[in-house]
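Chemist: The listed protein sequences derive, respectively, from chains A and B.
When the letters of the first sequence are read in order and numbered with the working numbering, they come out as residues 3 to 625.
When the letters of the second sequence are read in order and numbered with the working numbering, they come out as residues -14 to 222.
FYI, nobody ran anything at the bench for these hints, they're computed from the structure.
All values derive from a computational prediction rather than experimental measurement.
Heads up, some of the hints might be wrong.
As the list claims (entries may be wrong) - Quick look at which bits of chain B chain A covers, simulated, 3 or more residues with Cβ under 8 Å:
#, segment
1, -11 to 3
2, 7 to 14
3, 69 to 81
4, 132 to 139
Ideal Cβ placement from N, Cα and C applies to all residues, glycine included.
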Amino acid sequence: MSKLALSDDILMQVDKPARYIGNELNMIKKNPADVDIRFAMCFPDVYEIGMSHLGIQILYEMYNRREDVYCERVYSPWPDLHNIMKEQRIPLFALETQDPVKDFDFVGITLQYEMCYTNILQILDLSQIPIWQKDRTDNDPLIICGGPCTYNPEPVADFVDLFYIGEGEVSYHELFDLYKQMKQSGHYTRADFLREASKVPGIYVPSLYEVTYKDDGTLEEMKPIYEDVPKTVKRQVLVQMDEGAYPTKPLVPFVRATQDRVVLEIQRGCIRGCRFCQAGMVYRPNREKSLELLKSYAKEMLSSTGHEEISLSSLSSSDYSCLPELVNFLIDECCGDGVNISLPSLRIDAFSLDVMSKVQDIRKSSLTFAPEAGSQRLRNVINKGLTKEDILHGAGMAFEGGWQKVKLYFMLGLPTETEEDMRAIPELANEIAVRYYEIPKEQRNGKCQITMSTSFFVPKPFTPFQWAPMYEKGEYLRRAKIVNETMKAQLNHKSLRYNWHEADVTVLEGLLARGDRKVAQAIYNAYEDGCIFDAWSDYFSMEKWENAMDKAGVSLDFYAYRQRDLDEVFPWDFIDVGVRKDFLKKEWERATQDQVVTPNCRMQCSGCGAAGFKGGVCFEGKN
Amino acid sequence: MKVRIKFAKSGVMKYVGHLDIMRYFQKAIRRSGLPIKYSEGFNPHQIMSFAAPLGVGITSEGEYLDIELKEEIPCKDILERLQATMVEGMDIRKVSYLPEKAQNAMSSLAAASYFLTYKHPEQFVYSLDELQKAKEAFYDNAKEISVIKKTKKGERELNLKPLIYDFDITKTEDKISFYLYVSTGSTDNIKPEFVLSHFFASMGHMVEDNGFFIHRIDMYTRDENGYVSLGDVGYEK
Ligand code: SF4
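Isolated chain A, as found in the complex (with noise of 0.2 Å):
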């Protein structure tokens, strides 16, 4: 029987225990004496979001296939059995051995949300590990994070020892054989293996970098302490996305996950340009895997796991060039015997609706669509291709085919937004059912719903718009007032329905994602204070992290609601990340002064600065 690194005492009195019991389907097993480097991978959050995470999937595939590494898994405790950890001294372990992390080598921790932060911070303190990266001595696992968040790693970089910048699949091999030589040479001091993982392409290392500040606060400069330390850390890229590792045999948890799904990512990257959006920033160029790969990839998941459904992953699966032969393929080959498909939103037309009649019942489901803004002057400015007359064609071809939902996305808080902008987003909806009520009245089955949901815009490191600033609570709230009020004085508002995000957790979010390295004492002042599970409405206290940066003397005035200098010096500039900054200058100035939109990526190179990768759509069709 295997071990377990809780007692049954414990395990009989948390909710869910068998979060933590690891011995899932496709576990790896190991014995870690056979290998040479412990790899503790750990998603900073529950177990079912953090199994439901697909990145994580693919390292410990990657990982593990290498007979030298042990990769196993950590998830956040819950605060149930957070208490409790913490009261009896239980060090936190790892799913696969149920050994304890700090004994380990290496302590992944992935950055997927700015919410996760005091998460790391629990995980650290658990792990009994020291918080402070200054504090880590010779015995002391590496800590190192990748995700990506890592594009701003500042806010979090005295806690970290590195941070892998850009994607898994490339730089790994090189730290772990330089880890080993140096463990081999019985040289190894956490220091020198620091200078030397320096130097490994897309490595960062903050404690070997200087930061000086100006007297307003902003950045002055950021410098390498030795020559021999690179000035710049390069974003590492798959070029080629059918060389990648995949988890071909998915780990199937027993808990339900998030997705509880077979997850076949096609392509990374984006074509579109968004200029609100990091992921189509820091994803490019947009790469595509083979459609015969995704195939055999398909069937063979399916048959590992057992899964029920299986989902698409990209960042726009209509721009997949092949998607209607992949789609028409998991239809016919992989559907059927209790297979569903779950398609991610794609773009409304005629394609998508009529693989969706398939695969859906029409009568529960709904269609989605992410305008992002009311107005089509606004739509330029975000450059989101979306037109009024997509949308109102999509939606009538599907209401006649039967749909009557509706769901709409939009932000609120964009760069030049204007009450009209604001009053044009119930106004598109109203709009929406105006085209449903077209429908005759015996051909259509009662009435149309027609869902709006706005989020708060935050501006992100490497986008157009981080540049912009952000508004107080209080104007948030009142934009969502001028929505809800529009909506009620439509004459189909019967048929509309809105609701609208929190505007306290978004705020925090923009002072995270664009803070400094004297954030990282407002986030441990935060965790001191009790603050976990920040991406959890029920767990999320304001007022404790308003005490937090009021102790660290950070604020949301100098990092949320500022409007950034065009030339000031991000804490994020010494990461290439292949769109160059002053790509990113010209977009916000067509955004903000000309209101134009720029081309994708398939219609007309515009010159980002990501054909330096040397692959993908920059090269489509060039050789």
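Please arrange chain B with the ligand on chain A, whose structure you already have, making use of the hints.
Modeler: Just chain B with the ligand now, kept in the frame of chain A:
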């Protein structure tokens, strides 16, 4: 064709709850490629039913689920194909075909047998002898064991005596274990820890929740000849 699958749940798997075990088997059957029958409708589901949920924290070597197959496959093959896709702690013990008219495991369930041991032996200082004597008074010689059972609707008085078919206390290598054979099913569902807590209460000892390791040995149905293991109702093919 109705097929009954007997399985065991041990080790860390005891912390996986019943709903998750159901999903686990749905996926396991899909992985095995067995031609299971699906229900009609837009969201077809596998035709599958379990004898009785097993509480979190309980191990068992006598769990059952019934499925329906579209075509006949030798029992041995079914067992091997399922076993090949099990995780550690889940084991397929037996596969048999059920007569077409047989009731499913859940509705035919009438009794279950268990072993219980102390989780914290230091809290129980009784010798085997003391326990045996107490048991004689509590069970063997009692005409009635009147207890209050909490139900959804409130509380009701219940006589446990006719619902406990066997009760035994043994000691092997210093370890006391309790054997209980009790009525189970939709009408009189008796939990073994419920019986033991009343037994200890009769000795003036209040036991705390989760005080015992519980292991289900088997589940039974009742026919004209008495109790029969759910695993012995069908036939092998
Ligand atoms: S270089 Fe051109 S084609 Fe390549 S990602 Fe940038 S804009 Fe698109």
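Chemist: Take the hints in turn and mark each one as holding or not.
Modeler: Verification of the hints:
no.	hint	result
1	-11 to 3	holds (count 7)
2	7 to 14	holds (count 6)
3	69 to 81	holds (count 4)
4	132 to 139	violated (count 0)
Going down the numbered hints, you'll see the structure goes against just number 4.
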